[in-house]
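Based on these hints, arrange chain B on the given structure of chain A.
Going line by line, the protein sequences match chains A and B. The first sequence begins at 506 in my numbering and counts up one residue at a time. The second sequence begins at 37 in my numbering and counts up one residue at a time.
None of these hints come from the bench; they were simulated from the model. Where is the CB? At the ideal position from N, CA and C, for every residue including glycine. Be careful, since some hints might not be right.
Said to hold, decoys possible - Facing chain A, from chain B, some residues (calculated, C-beta under 8 Å):
hint	residue
1	T423
2	K585
3	K596
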Amino acid sequence: MKKYDVIVVGGGPAGLAAAISSSENAKTLLIEREHRLGGILKQCIHDGFGIIKFGEKLSGPEYAEKYKDMVKEKNIDIITDSFITDIKKNDKTFSVTVVNSSGISQYETYSVVLATGCRERTAKQVFINGERPAGIYTAGTAQYFTNILGYLPGKDCVILGSGDIGLIMARRLTLEGANVKGVFEAKSEPSGLMRNIVQCLEDYDIPLELSTTVSRVFGKERVEAVETVRVDKNMNYIPGTEKVVKADTLILSVGLIPENEIAEKLGISTDIKTKGPFVDNSLMSVNVPGIFCCGNALHVNDLVDYVSESGETAGKNAALYKNTNRKLTKIIISDEFMYCVPQYINYETDEKNIIFYIRVKNNCNNVRIIIKNERDEIVYSRKYIIMRPPEMERLVINKELFKNTSFINISLENGDDNI
Amino acid sequence: MKRKIDIYLKKNIGKSATSSEYRKSILLEGEADSWSKIISAGKYAAKFGYKGVINKISLKGFSEDYISKPDFTDGKFNNYNTDVLIIGGGIIGCSIARELSKYNINILLIDKESDVAYHTSSRNDGMIHPGLVPKPGTKKAFYNVRGNYLWEKISEELDIELHRTGSVITYDKKFLNIIKPFLKMRADKNGVPIEFLNKDEVLKYEPFSSDDIVGGIRLPTAGIVSPYKATVAYAENAAVNGVVFGFNTFAEKINTVNGEIISVETNRGKILPKTVINAAGVYSDIIAQMAGDMFFSIHPRKGQIAILDKKYGNSLYSILSRPNLNFHSDTKGGGLVKTVEGNILVGPSAEEIPYREDYSTDYKTIISMISKHEKALNRINKNQIITYFSGIRAANYEEDFIIEKSDYIKNLIHAAGIQSPGIASAPAVSEEIEKLTVEVLSVYKEVKRKDKWINRRFSSPQPLKLSIKDRGNLILKNPDYGKIICRCEEISRGEIIDALKSPLEISDLDSVKRRTRTGMGRCQGGFCTPLVMQIISEFKNEPLNSVTKKGHTSFILGEKTKEFTGDDLNEKV
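Just chain A, with the same shape it has in the complex:
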């Protein structure tokens, strides 16, 4: 059995970054199930990646290429086309079972970084009913068809969901020669980044209908039409607002779900808000020490730059991992927030600063994020002109501020207060 200090699971942007940072201090193995490294970036041929990380606008493959070059320079063992079937916890280590075309191999490691990414919510999971013809695809699958295989998924497309991939696919399909008849969004606000609404829909005159969803599919062999219906605030259909839109393709961009089946099997507790593991600021699971998590497996990010950043954090800490008792400070967030990562703080780590990724539930204007300790003292505050659910906020805060408190509270208050 081969032994490693760190095994990184997944060779997408999070895993690549984790492997690089881990390799500086530890013997590292990177395991990727696909043929090539790069994860979903391989099919994201649009630009906008790397503005924060590299200060330039890159396409997905270009961004991945930069990381792949860095990986090649490091001393990292890499296996691709390799699928992990099991991770078992031993006394001090983990055994990882891998299947690939040369057989079944087992590895032993002190820590594991889960960088398994996420999957897309499907038509059935959002309860689109009706017939079951060909022509219904998640946006990621449609993107694979278009960008990797070089085929259009169809001619006349309807897109449900204004998530970023949906918006990007609306533009891509238009450029490739398909007719995008509209993007429908059940919520009253778009779910994607503002820049994508402008650059992908408005620039191409693709209509966006808010508070409207697709309720039914028609067609026996191939999609022939879909029924759209307006919904109220509680997502109930408004009778009498049904419309039939002729289309041969329905593309869904209705949410991403972190892939945490390996974590679940290890008994890792997950946050229902992020659908990823509960972690501390080293991005280590709070209940199964030695397991780290990053990227979209931890929580769904909107920028790859932050995915890489969390990979670096996880990889670095995985390399330094020693099984010692942690004292964790719980982070309590108020109702206005969708989630905050990490959910706990371990004061005894090397970093000077703690990075928080935080997202609000609804659009808010002129607000202030307030962080208090157990003595109700404000240790940090920051003003925002606008906060939107699709746009994650990142806070970098000096760790010293969280000394000597058993919990911290993060709340959102009116921005006008003079603090």
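For chain B alone, coordinates are given in the frame of chain A:
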């Protein structure tokens, strides 16, 4: 009798409605304004002991029913002579084909779809019913109990995974004591073993069963198979023994002379059979009528079923239900079934509909089934659903199987009206049809058993189910078993190639899915669809955009927009 029916029709359907005796059956005609009235009329007429109810009452404003069928014609089967022609490639047609393949006769099985088990046989919960529900004395009761018994042997011979789990039915009130004698009597009459359990015993079998029950019954002979894999197994064994499978072959017309079928016209030419077996499922009444033997009607009864994510499969060990107080024998209450693959199925519903191929689902039904069956197993909830589907039961008004030689057409045999418990009954139905066919065919030629009949069939390897060592060795022999294509269900490239190489020629995504489970997991094919398509396209040496989801014109891709050069797809790291 007819008078009573006429009075009922006038009162409930309208003046236009009439009945007439046709041969030994009763024919209902007219026009009604609702489908439920038509069903009620048929059910009413079934009470008078006619051979069958032919319900031709039409629904006002109802246009032609959709039939999925091939969109091409060719001469593949033109003037094709065969001793036996089986119409329908569900589990009934395929099991008959397999049983008849032991004789020195030519057999052609046709189906309008691109694969076997395309309709009802792949759209049910795979339960091997114990046989308690059918009325004693009915064909259903007989074939169900006999079929249940035969499954032991069949599963062994055809390498079909059978889980003989037993089923548990729980009750919350003292009700059980009242119906206990009735259940005991019925079980004895049908020859079904039954055990009465107290609450603790129920919890021993189903530890997560709801706590507020007083007890239950257990039917130890109940079991579970994968209904489509079972159908495929039957078909593959039949094919190995010389049965010819004609897919995409649609029976359009049956020509008879003097009460005898002389030819069956299809989109692929005129077939010349000595005998014809009607195993056409929801279309079995139409085939019977085409052949000049109209005596029953199929009224499609839809069942919707929800599939829960495997990772919640541990909440259930077998088959569990908690029925309502009214015990009906022809409306199914549904329940919870743990499939052989480990998912929990919730359902089915039972809805009378005018369409024979309407596989739509609706939110209300799916959600109401979850809330209904949550009462049996609190641990399930709607967030565990990964997908749902529906199937159509081929119900006739007599609510019994039709397994017989035609009264009027001397070379026609019916295996019709087979609905639930059709999977459970299939081995017994095919055993009977085998006898009948040999009898009928013996008039035309000498029917002898083959010297060499291969009664065993072996499934291709399922690496996931092997020990680490065996799986490793398998991969050493064929590295394709180590290339995982479907990440949710852990299905390898080797298994997909095996499916494509199987004795039945298949080429669409759903056919591969039925054999391997690719795309059946929680991502529902999001990741593996393009990969499986590439394997199919390579294997068939046909362009990627000729691959279909389910045959006919269900193309997955549109036009090609890019040409790749070089080896960028093979670049590594």
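Practice problem: Go through the numbered hints given earlier and state which of them the structure violates, listing their numbers in rising order. | Solution: none
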